Amino acid sequence: MGVLAERKPLRPELAVTLSTWQIAVRRFRRNPLSLMGLILIVGFILMALLAPLLAPPPPNARNPYMMPHAGYSPDPQPPRPGHPFGTTEQAFDIYYGIIWGARTAFRVGLLVVAISVLIGIVVGSVAGYFRGRVDEFLMRVVDIFLAFPGLILAVVVVAILGPGLENVLIALALVSWPGYARLLRGEILSVRERDYVEAARAMGAGDVKIILRHILPNSIYPVLVVSSLDMGSIVVTAAALSFLGLGAPIGYADWGQIISLSRNWIIGAGGNAFAFWYTVVFPGAALVLFTLGWNLLGDAFRDILDPRLRGAS
Amino acid sequence: MTVFIARRLLLLPLVGIGVTLLIFSLLQLLSPQQRAALYVTDPRQLQAIDAIIREHGLDRPVYIQYVQWLGRVLQGDLGWSETAKMPVARAIATFFPATLELTLYTFLPIIALGIWLGTKSAVHRDQVIDHFSRLFAIGGQSFPTFVWGLLLLMVFYGAWRLFPPGRLSLEANLVVLDPTQFRTYTHLVTVDALLNGKLWIFLDALRHLALPVITLSLVQTATLVRVTRSSMLETLRQDYVRTARAKGLEEPRVINKHARKNALIPVITLSALLFVGLLNGVVITETIYNYPGIGRWGANAAIQLDAPAVAGFALFSALLLVFGNLAADILYAWIDPRIRLG
Amino acid sequence: MTKTRWFMLPVLVAALALAFQPGLASGQAVKNPDTFVAVSFGDWDSLDWAWAYDTASFGVIFNIYEPLIFFEGGRMDRFTPMLATAVPTIQNGLLSKDGKTYTFPIRQGVRFHDGTPMTAEDVVYSLRRFLLTDRSGGPSSLLLEPILGLTSTRDDKGNLILKYADLTRAIRAQGNNVIITLKEPFGPFLSILAQWSYVIPKKTAIARGDWDGTAATMRKYNNPKKESMAFFEFANGTGPFKLERWDRAGRQIILVRNDNYWRTPARLRRVVIRQVDEPATRILMLKAGDADADLGVTRRELPQYEGAPGIRIIDDLPTGTSTNPAVFFTFNIDCAGNPDCGSGRLDGAGIPPNFFSDVNVRRGFAYAFDYNTFLQDGFRGKATLAKGVIPRGMFGFNEKQEYFTFDRARAAANFREAWGGQVWERGFKVTVLYNAGNVVRELGARILKDNIEAINPKFKIDIRGITWSSYLAAMDASKLPVFFIGWLADYPDPHNFTFHFMHSDGTFPHVQKFKNEEVDRLVTAAARETDRAKREQMYFELNRKYFELVPSFATVNAIAFRVQRSWVRGWYWNPMFPGTYYYTISKG
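Chains as they are written, first to last, in the working numbering: chain A, 1 to 313; chain B, 314 to 655; chain C, 656 to 1243.
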C-alpha cells in the first residue's frame, strides 16, 4: 500500500502498476499451493493448445471433437497399447477425450464467464451508476433470476432448447450472470464516490466515458477472482447436465460427458467392483485437477489483489 | 423491525410473479406440439396431439395461458403435474418434506465441519492443515455428485450392507403407510417416528439418510469452508483482535470469544442461502439413492417440460428464498446490534 | 482437538461395521419370504383400464382385474377362459358362422374385492364404458373399430357421434351371457379382448361418480379427465391381488393377496413394485436381496449380473411382439426452420424436403446399415435379423423373405441412381435422429452414419438425440428426416404391424407422409380375411411390398431375458404380458 502512495502514477485511478506484478511473483514463489494452481492451469492450457499434436484426429474426421472409436464394443476396455487410458462403452478412446476435453473445458468455461461477465457489466454498471429506480428495477430482475435454483433453471433452458453443448453454454450463462451483476454493482457503488471520479465529472466527462475509463477498471478485480473460482464449477455443472442427458452428445470430447458414461460401470462387473476404474479415474482426475487449479489460482488472485479490493485511499 | 419484515414480505409476490414470468417466457420458445407431447407417451397416440392441444388450450398464445394460470394460482390451483400424476400443489406438499428432512440432517455436518475446518484453516494459515482442508473442500466440490454417490453406494451398501438406498426399509415403510399403526404429524419420518414412540423406525430412517447426507456434505462443505476461512481471516486482522492478543489473552480465547462470533455473521447469512442452494445438490443425490424428494421431481419435470410443474416449482423455490433471506437478515440483525439500531 | 481424536474415527467406523454385521453373500436366506419386491423404471399413468395405454400401468392392472379370456400359458395365439367360461369358436357355436357375433357365458360365483358378486351386467358396463371413454390418444379405438366401425367417438369438431342405441345393440347381456356383435368379422378380435376386457363393478363406479350407464349422461363421460375417472387410483376387481396402496410420495404400488379369489388364492401375501430410476441402484438392490426382480434392466447392464450369487438370468425368451428399432424416412419433410434439412437443397450441404421420396435413396440407406454389427454390439448377439415389419414369432412372418443386408456395393449402386445421379455427384447432408438416452438407437444411428460416410466423402451425416417429448412432437410435425423408433404390439396379430407401418392412416405413414393405395387395400383385406392360409399369403405379399417400397426398414428382432433372484419360483413367460403375473409366483 505504501509503495503505491510513493509512486503517484499519472492516472491515479489505474491501480495496476509494477508493484502488483512484484507482489504476484512473490506470492507464487512463497506459496506452494498457488504455484501448484498456476502450474496446473498452464498445463491444461498447453494440453488444449497442443491437442492436435498430442492426440491427432483420424484423417477423415469432420469434427475433431468427436472421439474416435474402433468398433462399437458395448463394454469398456482397460488401458492397452494404442489406448493408454482405455476405452469407454462403444469403444471411444479415453485418452483422446481427455486431451480434447481440455479444449472443451476452456471453451465452455471461458465463454460462459465471458458472456455472463458482459451481461453482468452492462446491468451492474447501469444499476450502480445511475441508482434510483433503474437500480431498483434491475436488482429485482437479478433477484428473480437468483430466486430459481441454478441447476433446475439450467435444466429447463436446455430441455427447451434441446441437448447440446451450445445450449448448455446458453443455460449456464443465464444462470451465472446475476451473480456478476450484483458483484459489479457493489463495486461500482463504492468506486463511484471516489475523488478521481468526481474530478472527471467536474471536468465534464460523459457518463459512458466515466464508466468505461474510470469506474470499470477499478471494479474489475473481484470479477477476476470470482470467475477463476467459477471456471471449475461451470465445468462440473456441465457434467451434471450430461448426467441428466442434457449435455454434449455421447462420443463428444467433454470430460463431463465421458464421466457420465461411467455411471453404469462404477459398480463394476459381476465379481470385481473396480473392474472399470479407468472410466471414472481419468475423466475424474481431469475434472478435479482443473477445478483445483482454478480454485487455487482464484485464491492467489484474491490475495494478490487484496489491497486493491480494499480500495486505494 | 416489523416494517423491515413487512417490506421484505411484500417482495414475495413480486419475485414470485417475476420467476413464473421468466419460466413462461422460456416456454414461449416451445411449439404447441412440443407442449402437448408431454401428454402423449407413445407414437401411437400422435394422432391425438391436435385434440390434446385443443383440450389443454395449448394453441392459445403463451401470455394468455400465463394470465389464466396466474388467475388459477391466485385461487389456490397450481394445475396438474403430469410427471407426478397429481396436482402440482399436492406434489410439492408430498415431496418437499422428504427433501426438508434430508436438508436439515445435512445442515448439521456441513456447518459443523465447515466452520471447524474454516476456522482451523484461517488460524493456521498456509500451514498443513490449511492446505489439507482447502484441498479436501475443493476435491469434494469438483467431482460430480453422482460419482461420489455411486462410489459410496457401492461401498456402504453393495459391499457392507450398512446404509441402504431409499427412505425406509420395507417393514418400516409398511408400518408408516398404515394409518392404524402410525400417525403422521410432521411428514418428517424421523420426527414422526419418535412422536409415535417407534424407535426402530427412527433408527431405520437414519440409516437410510446416512448416504445422501454424506454425499451432500462432501459437495457442499467446500463453500462453507471457504467463506468461514476468509471471514475469519478478515476478522483476525481486525483491531479488536489485535488488542485482545496484545492484552495477553490466550489464543483459543481470542478466537472463540471474539473472532468467531463476528466471523459467523457472513456464515449465518450464507447458511440460510445454503439451504436453498441445497435444492441444486439434491437433484442428483435423490435420483441415485432413490430418495423421493422434490429435487428429483423438479428436475424430471424440467426435462419432460411439464410446464405447470416447473412453474409451480419455480414459485415454491422463490418463496423459500425470500423467507430464507428474511430469516438470515433477522438473525443478522439480532447478532449485530449495530444493524438493528442503525 | 487433540491427536487422539483422529484415531477414533476409523475405529468408530470399524465398530459400526461390526455392529451391523454385514450381510452374507451367497447362500443368503430368503428375504421377506411372503413379499415380492420388484424394482422398475417407468411411471404409472392410471390404474383405470379404460384410460391406461402404457405397459407400466397395465403391469399392475392385469394383476388386479381380469379379462373375459386370457392367454394360455406362454402362448400368445391360444386363449383360455377367465371370467368367461368358454372361448368362443365356430366349433363350439359361441362364435356365429359369419364371424360377427361372439357369445361369452359369464362365470358364476366370482366376487369383487369388496365382496359383491360379478355379473354379466358388470361385464357389459365395463366394455361399454371403455368404448365411451375414448380419451384422446387412448386405446378405445382398438375395440371401437371392430365393434362399431368407428375410429373415434367424436367428429372433427369434438361432438359425440357415438349412439347409445348402437352401443347397447353391439354389447348386451342375455341372462348370464354377454353378446358382442362386430361390424365386420375381425380375425384378431379375441387377442384384443384378452387384454382389453377387464371387468369392473358397475355399482362401485356409479358410487364413485362415474357413468351410470344411461344415454342421458353419455356426453359427460366421453373423454373425461384422467384423475376424475372412478378407478384412477382406487381399485376393485376380481383378480388375485387387491390394491393396498398407491404410494405416490414413495413412488411405489403395494398389492395384497385376495383371500377370496375364485381360484386358489395366490401364494404371495404382498407385492411391492417400486420405481427406482438409477440402473446401478437397482442392480445393487437385487444383489442385496432387497429386491426380487429388476424389471428395468437392459442388455447393457446384464454383465453386471452375470455370475452374481443368488441371481438368476433367464435368457433366450421368445418375443415376436416388437419391431424395435426400425429406421423411418419422411417423404415430405417440413424443412421450414429445420436445421436437420441443412440447406434444404440438393447441393451437398443439405437435403430437399422430398429427398426420401426417391426409392433409391431409401434403398441406399437400407443397404448401408451394418445389421450384424448392430446385433452383436447393440444386443450382445441376442437378437435375430428382421425380415420385414412382422417380427419373428408372429403369424405372418416369412423366414424366406428376401431382406436387406449390409452390402456396400448395392448401397453405392442405389445412391448412384438416386435423383438421376445428382445425389452421387453433389452429395448431401442430413441428420439422423433418435430419442436421447436410448443407447441402442444411438448406436444404430452411429453405425448408419459411419457406413454411409464411408461410401462417398460427399455424404455427410450428423446424429442427434432429442428428449422424448420433443421427439414425439417433431415426429408429429414431420420434421424428422430419418429417425429410429420402435413398435410394441397392442395385440398379437400382424395387422397391428402392417396397419401402423404401411397403411396411410397408420401411426408412422401418417407422419412420414407415405401413401400407397394398393398397400392400403391389401392391409385392410388381410385384416378381414378369416381363412388362415389365405391370410398368411396376404401377409407374405405385404412383406414383399414392404421390402420393395421400403417406407422404413426393420433392423433386428430382440430376444428377451429376465433377471430375478434365484429364490423366485413359479414365474413363467408370455411375450404379451405387460409385466409380471404374480399369481403363480412364490419365494423359497
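Hints were generated in silico from the structure; no laboratory data involved.
A few of these clues could be false.
Taking lysine-lysine and the DSBU-like style, the derived pairs with C-alpha atoms no more than 35 Å apart in a straight line are [stated by the list, open to error]: (1) K755(C) / K398(B); (2) K818(C) / K398(B); (3) K511(B) / K875(C); (4) K511(B) / K686(C); (5) K880(C) / K398(B); (6) K511(B) / K1242(C); (7) K818(C) / K755(C); (8) K398(B) / K511(B); (9) K398(B) / K686(C).
These numbers come from a predicted model, not from an experiment.
Quick rundown of the hints versus the structure:
About 39 Å separates the Cα atoms of K755(C) and K398(B), which puts this hinted pair outside 35 Å; it is violated. Of the pairs offered as hints, the one joining K818(C) and K398(B) holds, with about 32 Å between alpha carbons and a cut-off of 35 Å not exceeded. Our distance criterion of 35 Å between C-alpha atoms is broken by K511(B) and K875(C), whose separation comes to about 48 Å. Taking the CA atoms of K511(B) and K686(C), the gap is near 23 Å; set against the 35 Å cutoff, the hint holds.
For a cut-off of 35 Å, the pair hint linking K880(C) to K398(B) stands: about 12 Å separates their Cα positions. A threshold of 35 Å between alpha carbons decides the hint, and for K511(B) with K1242(C) the separation of about 29 Å falls inside it, so the pair holds. For the hint linking K818(C) to K755(C), the alpha-carbon distance of about 20 Å falls within 35 Å, and the restraint holds. The straight-line distance between the Cα atoms of K398(B) and K511(B) is roughly 32 Å, inside the 35 Å bound, and the hint therefore holds.
Restraint check for K398(B) and K686(C): satisfied, since their Cα atoms lie roughly 32 Å apart, inside the 35 Å limit.
The structure is inconsistent with the numbered hints 1, 3, although it conforms to all the rest.
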